[in-house]
Amino acid sequence: MNIAIYNGNLKPTTFVLRLAQVVNKNHNLCVVGASTKLFKYKHADISFLPTNHNNKLILLFQLLFQLITFLVLYPKIWLHFVAILRKSDKPILTRIKQFLIWSKLIRNKADIVHIQWVSHLILFEELLDLSYFKIAVSLRGRLINSAPLSDLNLTALYRKTFPKIDKFHAVSNDIKMKAMHYGADENKIKVIYSGINVSSFKFNKSIKDSQPDTLNVLSIGREHWIKGYNYALEAIKGLKDKGVKINYTIIGASDSEELVVLRQSLNIEKEVQLLSRVSFEDVLNAMKQADVFLLPSVSEGLANVVIEAMLTGLPVISSDTGGMPELVLHNETGLLFKNRDVTSLIDTVLKFKKLSIKEKETMIIKAYEKVNEQHNLKQFELCFNDFYASDEHNTKMN
Amino acid sequence: MKIGIVLSSTPGYSETFFTSKIKGLQAHGYKVVLLTQVANDDFNMCPVIKQPKVYKNAIIQIFMMIIVFLSLMPHLKAVKRFVALEKTQKKSATQLLKKIYLSSHILSLKVDWLHFGFATQTIEYELVARAIGAKMAVSFRGFDINVYPIKHPSCYDLLWKNVDKVHSISNDLLQKAYVHGLSKDVPFKIIMPAVDMSNLNLIRNYTSQNKKLQIVTVARLNWIKGLDLAINAIKILKDEGLDFDYHIIGSGTPIEKERYRLQLHQLQLENEVFLHGKLSHDDVLSKLNSADIYLQSSIQEGFCNAVLEAQALGLLCVVTDAGGLNENIVHEKTGWIVPNGAPKLLANKIVEVNNLSTERKNEVSKNAISRVKHNFNVEQQQMQFADFYIT
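Residue numbers (this note's numbering), protein chains in the order written: chain A, 729 to 1126; chain B, 244 to 634.
Calculated from the structure, these hints are not laboratory results.
Source: prediction; values computed, not measured.
Some clues are possibly wrong.
To be verified - What the simulated footprint calls covered on chain B by chain A, stretch by stretch (three residues with Cβ under 8 Å from a Cβ of chain A suffice, anywhere in the stretch; the number is not a length):
id	segment
1	386-395
2	459-473
What the hints assert, rightly or not - Some chain B residues judged to face chain A by a derived CB distance under 7 Å, without partners named:
id	residue
3	Met435
4	Lys500
5	Arg502
6	Arg504
7	Ile542
8	Gln543
Quick reminder that beta carbons are idealized off the backbone N, C-alpha and C, glycines included.
Extracted from the complex, chain B is given alone in its bound form:
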């Protein structure tokens, strides 16, 4: 069976979600082809077909269109079907030409399944799978369901009508998709993210109480990560006299950096809180390894790989009850879930966790490691994806 996976760019080395999915599918005898806008040279796991570019220069654009249309001649059947399908959507001739051009790399393809890596990528391409006689699958990620359709209601109406199977990384996203109009008749499968445990150091022991408490968050400085709340909670900890360092690891735009620098300045936390920016995977691991408590105060989450990795490393995780985080953590077993929006509750929970007995800390830490190992391992995820296209 042949699977075409649609992504915006070829996955980088660290994007294990897609690389392990591709590896797993190949190991189970599938042929995989990637369809992307950007292809990086270092990617060689499977064939990659690039989407034709849009040129600013009109003459070059017309020339490229002619070449692309000529190359579509052997696939006239698919193109005809595509035009017939698109016509039902009342598209103008120019829109249609543009669509054929942008979909040409898919229209010339023969696959059994066309799997879109993100729901937002299906927009304007909802009909192309049917045109080439393939089944259409789509994966839901956090942004796809938690953000985009809130601002653009009914953006997925056409997707819901044409999708053959959906993959969601959490039950929460699936339930929200139903609210946004996904029919309950559409087959689905929840396949949660996985952690490659092979290169993590899994020995952790909470013994000494003497050293300064180390708290860490790995998150982009985007508003959805709720860092306003985390920093306000940290301020309460300082006012209560707790001695700690708080490390925030993740990139941000200049505007985002300014937002949190100002907050730290106004709350006089510049000596306690460190914005590290983006760090290499090794540096992130070493920061996580030397930390005690992992904090995630997101406003919304699809699932959150960072929290899963923190548990894999045996960190004591304190998170808000945002979306997929409720499935990521088992409250009071592998970490703690706190109601969103209240800095005081978050601060209290951190103090409470810090004051736990060594035995209790080690118990939660071991629970977390073992749950990730058993329920979120790469082999299991690969099996589930191999099953996805046949059951």
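Pulled out of the complex, with its shape left as it was, chain A reads as follows:
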């Protein structure tokens, strides 16, 4: 089966790379999106199909070429697409992109188009009632949890299109429930937890021997309000006031004006380090140095960085937002605090400090087992092959 991964651009995410790794064996997988390249190419065993150029002049040439050649090859579909797009009231540039994307997918004989970013449904909504190819959509993070709350066009798009989508992939159960609010059919949503290559992590199952004088807390993630670092800083201030010796490092948020100023206002400049992004190796090193990983996010699909922390044997404290309770089982694989509640976070850190070494070790071992069971690459492979294969079956039936 030909699977087209519509990515918006040709810079695949870690998720897409992993997907290519596991499904390519049974299917042809191709990453599709805008690019400065003009023709289909292969790189590191993955096919890439550029659909539209960012330069408007080149785009116009692309359109002319495609209009002529596609008319010759697929006259009926050509007429149909042109009729649909002439009726549409979208901006002309969007319609040009749509024609290029659709016709290239037809020419490459895509059986299923897997849309990575749900907002890109805007480019495919006209085709949902038709049977040119199946449409699958990934549901993840912000685009489901918060973006539609303030962008009413997005809400309308979801309401209109979700009931017509062939299948959804959700990164957590929580996201699945949220998608159902917009009219997605429960039976069409498959929760597939992200798979991770366990062997690239070294699990350290012993907690540092002597109770350290200073508690080293680590967070990793881009600078964005959704990561809830403002709440973490308030908690650090609260802990400092209670006499707790604490050192908090955030990797990836050095540019945040909000955090730099808040840190100064709260007078916790000595306790809090804001670092810029670092390499994967340095992330692993930082995890080795830390006593506990903190995820203060106000909203999450299911944070990969927590999976990684658990694989290195770092105990985890997380907010109870989104899909996090599906991985962080309170008192078992980690500790949860109430989302946006600074007092709850302070109490949870104090509780963590009081745990014995034995209790912490039990916790990280359980966390490691949970990740192995829920996020191993084999599981990911089986689930996704099944996800696509259920279509193969339907296609054959047709």
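Take the given structure of chain A and dock chain B to it, following the hints.
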């Protein structure tokens, strides 16, 4: 005496701080000229000189540079002085040319004082006042001191060496400027914002307890306004069974709107809290007039005009102890100040204020109105600015 005021754009009708300053200076016999990047057509209070534009097209840029440099010929003395001063800063030839081009509208000027409306505007222009033989003044606003130098330490080092007098809108900002390196020898004057009371309806009476409590905040949806805290406090009020509406008036970027929409959604406050976006000045006044409690939970504030206006309208103000807010409100006289960072304390204070006797509410309301009237009126502010350049 002639004053050149440097601003990024000509002040709009509602930006009373600068318009009343200009009016006041003119009334006291000063000549005022504005130096801006953007000039709006409807501004006609005083002459405006625009800064030369930077063009993307290199050919146009070179052409414009030649024209600008030719126009500077009669002011060769000032340009020479400027070059000599800049050379002490070890600038390259290209940097120097760029600086002369961007400062040309000032270099061709003859004024007694060059007054920068914001401290951040002085960056890269610290030496131009000396080059034209003028004295240099600068105003501190919240962002100038509370935000910018925290992220860019020592950004004002050259300013501190060259400024002749500073104006701060609060004592708090002045003290922080000392921490950032301003010398205590530099003359200063604190001139706080003012409210034009003439078009405000000043009669307010807290009588009926029956109607739903109306709480209001006027603030951009920027993080510095601390709306996370305000909304978390409001959640506590709801959980305690209080019946109220909370109105947030102010513009925000799509990312900021998403932030607070999500918070309202997660805390199930979508029926109690209303994000109105930006409203006209009249609509803001009418919202304020129908409200009972004004809430300001900022993380940092220079002074905060919105709180001053709310007091002028006799609203019961509950604010955090952020920076200039401590000077804006007299605790328990014209409003209430609560320690920052604790939603529970904020919620408790709102309940406490709501439960006050009618007499006490009216007393605080009257205190607030009278303090603004006497200490923050436009005439007084204009007098202070007229004094600023001579004492």
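### Unmet hints by their number, sorted upward, for this structure
Violated hint (a single one): 3; every other hint is consistent with the structure.
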